[in-house]
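Taken in order, these protein sequences are the chains called A and H. According to my numbering, the first sequence holds residues 1 to 1018 in order. According to my numbering, the second sequence holds residues 1 to 504 in order.
These are computed hints drawn from the structure, not numbers from a lab. Computed from a prediction, not measured in an experiment: that's the story for all the values here. All C-beta atoms, glycine included, are put in the ideal place defined by N, C-alpha and C. Incorrect hints may have been included.
As a list, the in silico SDA-like pairs of lysine to any residue whose alpha-carbon atoms are at most 20 angstroms apart [claimed, not checked]:
| # | chain 1 | residue 1 | chain 2 | residue 2 |
| --- | --- | --- | --- | --- |
| 1 | A | Lys632 | H | Val361 |
| 2 | A | Lys774 | H | Glu282 |
| 3 | A | Lys48 | A | Ser60 |
Covered stretches of chain A, going by a simulated chain H footprint (3 or more residues, C-beta under 8 angstroms) [claimed, not checked]:
| # | stretch |
| --- | --- |
| 4 | 780 to 788 |
| 5 | 829 to 838 |
| 6 | 919 to 932 |
| 7 | 945 to 959 |
Letter by letter, the chains look like this.
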Amino acid sequence: MNRTLTYISLAISCFGYSLNADTGAIQFHRDIRPIFEQSCVECHGPEKQKSDFRVDDYESLLKGGESEIPAVVPGDLIESLLIEVIEAEFEEDRMPPEGKADPLTVEQIAMLKQWVTEGAEWEDTPEPTIDFVTQVQPIFQTRCYVCHGPDKQEVNLRTDLRTSLLKGGDTGSPAIVPGKIDDGELLKRIHSDDEEFRMPREGEPLSVDEKTILETWIAEGAIWPGQMDAVEEKVTTDLWSMQPIVKPDVPRKRKLNPIDTLLNVPLNEKGIAWNRVADPATLIRRASIVLTGLPPAPERIEDFVRKWNRNSKRAYNALIDELFDSPHFGERWAQHWLDVIRWAETTGYESNEFRKNAWPYRDYVVDAFNDDKPYDQFIREQLAGDQYGQDVAMGFLVAGPHAPGSTVGQNPDDQKQARFDRLDETIQTVGSSMMGVTMGCARCHNHKFDPVSIADYYSMAAVFNDIEYDHRVPKWEDGDPRMVADREIKALLAKERAGFGERGDWTENWVDHLKAQFPAKTTKSIRFNFKPGNLTLDEIQLFDAADSEENLALKKGVVVTTSKLEESITKPPFFLVDNRLDNFFVWKHEKGDSGESKPWVRIDMPKETTLARADLSVNRLAHYAWQFMINKAGDEIKGAVPKGLVSIEILNELGNWETVSRSGSEGRSNNYKNRVNRINALAIRHVDEGPAPIFAGKLIEPTPMHVMHRGSPLSPKAEVAPMGLEVLDGDFGQSSDTSGPERRVAFANWLTQSENPMTARVMVNRLWFHVFGKGIVTTPGDFGFAGGMPSHPELLDWLAADFVDEGWSMKKILRKMVTTDAFKRSSVPSEEWLTVDADAKLLWRFPPRWLEAEVLRDSILVSSGAIDLKLGGLGYHIYTPKLRYDQWRVVDNFGPHTWRRMLYQQRMRRVDDQMFTAFDFPSCAQVQSKRPRSTTPLQALNLMNGNLIVEQSKLLAERAKQEAGGALDEQVRLMFMYTLGRAPKAEELAISKDLATSDELSSVGRMLFNLNEFFYLN
Amino acid sequence: MKNPDPVKLSAFGQQFLDRRKFLKDTASVMGSFSLMSLLQNDGLLASEVAGQSSDKTPIRPIIDPKNPYAPRDPHFDASAKKLLIIFCAGAVSHIDTFDYKPELFKYHGMRAPGQPAVTFEGPSGNIHKPFWDFSPQGETGKMISNLLPNLGSMVDDYCFFHALHSGTSAHPTAENFMSTGFTFEGFPSIGSWVSYALGTENQELPAYVAINDPRGMPRSAKNNWGNGFLPASFQGTNFSAAEPVPNIATPDSIGSSRNKKTIDAIERMNAKHLDQFPGDTELAARIASYELAGRMQMSIPELTDIDGEPDYVLKEYGADSSNELKSAYAKNCILARRMIEKGVRCVQLFNGSDASGGNGVTNWDSHSKIHETHGMQADIMDQPTAALLADMKRRGLLADTLVVWCTEFGRMPFLQASNGSGRDHNAGAFTSFMMGAGVKKGYAHGESDEFGYKGAKDKTSVYDFNATILHLLGLDHERLSFYNNGLERRLTNVHGHVVKEVLV
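With the sequences and hints as input, model every part of the structure.
As structure tokens, then:
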């Protein structure tokens, strides 16, 4: 395999064991070399020799680098510069430098000192003392082969192949790491006292001699005659869904859709007679709901029935054209896609914050379906929209829930865990929706059933390691009104700013931050002075020009100091330049705090830097990301700018602090003040009209990715490169140095190349599932061994191949599905065929089903005429605004502002909307490839007593009265037409009239909305 | 529990509630139809293929689509039929309540060996002795803090778990963990699993009810009683003595006699529609659900009518307290008892809500001023909860009910910050107890270390705790499962051992 594997030594966790292993004497190869490799060689090794010094060369150690002070003087701690620098009192002198490697642990320092004290013994690789064939192999044969040998490979590990030991079993951790006795499961297991963990599990533990042999063999490089150059066999699988797609030859039959030809084979084999075509009124309702999610209007039904009776084929094709052209087609199918990726507009978890401007992604999906965007392009844009001018599409990657960094506590381990949890959400989203693979199962160990290894999982994590759950300002097309406004306002700003002249300083209010502008100065230090009392800061950004976008405070080596930290605060000052939105209220100074009378913040740059602007903010998150959030006073939290900034100083070349900017308007001319006011007005305009941040993920610098042992981000093992699944040739030759966007583009290309057998199969099955109510594979998100098998394998392949052949057009393949005879069949049950094929898997009838929550609600509003079919934009809100840690509570789920399609009801995680949650509306937290369908008394209560029903029943009755005039028969007839799409039969008319006269007409509406027939798609 | 009285049902509803008649009338094909559908549930066959060991194959309850709540047999006999969970949200300090640690008095004001420098919210301070004195209680003489005198007096009935530990020290994830077995969002809650497995005895009431604290929902809100990926039938119904079930009442503008006419009309129309689709269980099931809804409309208001309780009961629970939070919680306690009495399968009673009203004020999260804030919470929780337990005992309800008193994690033996007045989160050790059907009395399982910082003996994970709850209800936590997205999902994920030591 070509995966780039770099084993890092895990000295930290294993030294306890090394020190206890023998008398305590330090061994260079075991104890010291790993420290050098982990912490020093990157800068002082074969690649780089900073200060002309390298630790992999004994002479260099003895001689020292540029300074010519010996790094190591055997036996002399005081004279050894190495010891001095690892224990240096000041951080800036200490090795390894911060950010280059983790600080040495107390144990590591102790060991290095002991090594020097003991004479700094240096050994090159010794001659091997162990003979594999006579000493090691017999141990494997007698004690290990029974479970991990040629005949049986428990946990996919075998001790007769060196490659298998190097790779390790299902935990994904190597069993042996040549030369490293502190790594590798094998030695840990044979040494363990824990009977559950120890190997061999059966019989006595290995003898001390045997253990020593294995340990020494590994220390000497695990030399294995004949297998040193062995290469692991390519991973293969017999999983059906990973075999190449073979388009079956379908015998041409006149007038028969190839899909029908394939469907009819098993029906004929079983001798099942299929149903006749349904009546046209049923058909138009079925097609309309399946394709657009909206019931047809009575006039349209009547028109269709008339045309059908003249020429059924032509009438039907015209109907299908109309439905595919309807903008509501995209809304309907977007809903399915959003379900699959559990898209919602709140974060979930404790604060469950509303994600401001997440909805543009929803509209992107609607448009994609309406425009018949080819599915391969749809995939590429959602994974790497930044590369295709479609930033908004990347809302896909951050569709799942996440715990904002500011809510997971201060413990760095918890924060690492939270980061990997967020990555996991992305991996699950991609895996389940586009790949049909339950990737989440491989987070802690190799997938139990499917050919997906833990290395595959983390390789995929590497692909998405440049995405963080956050907002970003997207790039829109040049012609987009937001971009037009952006250019226009910036031009006006430039003009106004020029008015201050070259030596002017002024401060702009940008709603969520201040821009302090001052004449460009070159300096290493800048200081911000504040008035004492109640002030807070979140971030300071530094720039070299009024309109520059490169934040110089993010440069490596920037140091932040402050006058005083608030006592209880645990956030370090560098959070002021961490570029994170969710670390807000970093620095506080409270009125009455003792000590400093003039609070200040100072930023030191690593080298002379030209500065001309500083942006200061308090809580950009509130402005960027929050909506419907209130403070304790009940006011909506909006952006705010820092208070109390007095002046900004820079340290000039003479070493004096020089004021470059002062706040306030004291002593400024009216002209000056007016100009500032005009600029502030432009700033507000830009916030309102320019490109706003959307929730489509923030791009960050990807760090190297490792396999995390047992899923714990605290146990990094082998480094992995960004890759798709190995079994599907997912190696695209990248490494940790590849940029984030290139990784995602390569992954998207791998997914959408025609050789990838999963992508097309998974999508056509999903489309089929929503057309017929059942998938050809009943587990649309899982095409693995634990998922369902296809009921019609040939048909699935035909659909998948045709989908790709037709340029991944979703409308084309859907059209083929809804124009089949199978789709048009009546759903009437047959006692005879129910016994053979109870749930109509073979489609001898169209399987009837309940409407989803959305279709039910939309149908009610369509019937009453209340629905507003406006497309897109911010959704409607049914909850009270909330405090950050409060819960969303339903306040009005029925009023006129909610009379839009339910797709536009803001999707919140973890709520009960007190109406449709009972109808299996998803909680949008765990991946759920299809909704369960429940029938519960709570549904009945909601539909009988909910305000929505009571109100809409009245509206329906009023509509009928208005349109029908005074005749009750006609009023009832209209109400039946609007709800059920058909006229009442005599007995039904009698029941309804009786109800209307003894009660009132709206009760007929309430009755109709509660009927099985209204709720049933047949 | 009695089955619903058949006389009260309409002829139509009766037809659908009577299984034998239902099957007979709709011909034998119906039987095979529903069974076939059930067997063809996703992944059922696949999971067998996928090589589960034969003795731990998933057991999936056979759910009758026309009544998903029909009572179902447990996997094996067990005395506990019902479950009451009292969840004290915000993290109750074990070392100030039930876990007596004399060393804390000795080391008061000092730093503990191996104490971490930084915990959940920041730097740690010195060890602080319990903020309340402890005294021996009951015949067992177990040392209990004077903070909870009423609960303390019943200590002989409890089975403590003193070495519980959680996998997370953040409230919402820890609530998720206790209630769903996962720290993540969206997994089915324990009550959902139980009602999925066992259905319920009383068809007139929801199978599973979650009662909020008067101050609002807990931090993880609906996760605690959500159905996750199980069918919505099995989600907890969320109401309390003060907050009714949404949409339970017929709107005033309609009134009951007019409502009756509409219901009759719906029945007649639905019956005619069913004639076109003979043998469709889904349609029949929905017709039956309207019958059940009608019955719930009668029985739920009856159930929540606490004011009908005799004065001495209201007084015993503290429902007459001038502390409004206490009296409201007391009413919830009475409601919980009435539910268990009437056969609700699983009741989850919350004490404490989210933090929107302030840490330590709306829940047990006492990062500062613990003496004041835990004192305030205990004043609300102690008497009503103890009265609930005593009342259940008197009425014999403990014979078939398992009571679980729990919290999401414990608190630190040292102060939060050097000059602090509260305790930070401690996922390393905390205490909960069980009581009633199937568990030992006057027993304690596990010990925390000398400071109550981490578990020391017989450590119990949340998985073990939940596995034990299921076991006490006659359910094998390794076999009760539901296929979702590639896996047979369980309450205990792939972990958990039943704590056999606590079983009677």
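Results of checking the hints against the structure:
{"no.": "1", "hint": "A:Lys632 to H:Val361", "verdict": "holds (15 angstroms)"}
{"no.": "2", "hint": "A:Lys774 to H:Glu282", "verdict": "holds (16 angstroms)"}
{"no.": "3", "hint": "A:Lys48 to A:Ser60", "verdict": "holds (13 angstroms)"}
{"no.": "4", "hint": "780 to 788", "verdict": "holds (count 7)"}
{"no.": "5", "hint": "829 to 838", "verdict": "holds (count 5)"}
{"no.": "6", "hint": "919 to 932", "verdict": "holds (count 10)"}
{"no.": "7", "hint": "945 to 959", "verdict": "holds (count 4)"}
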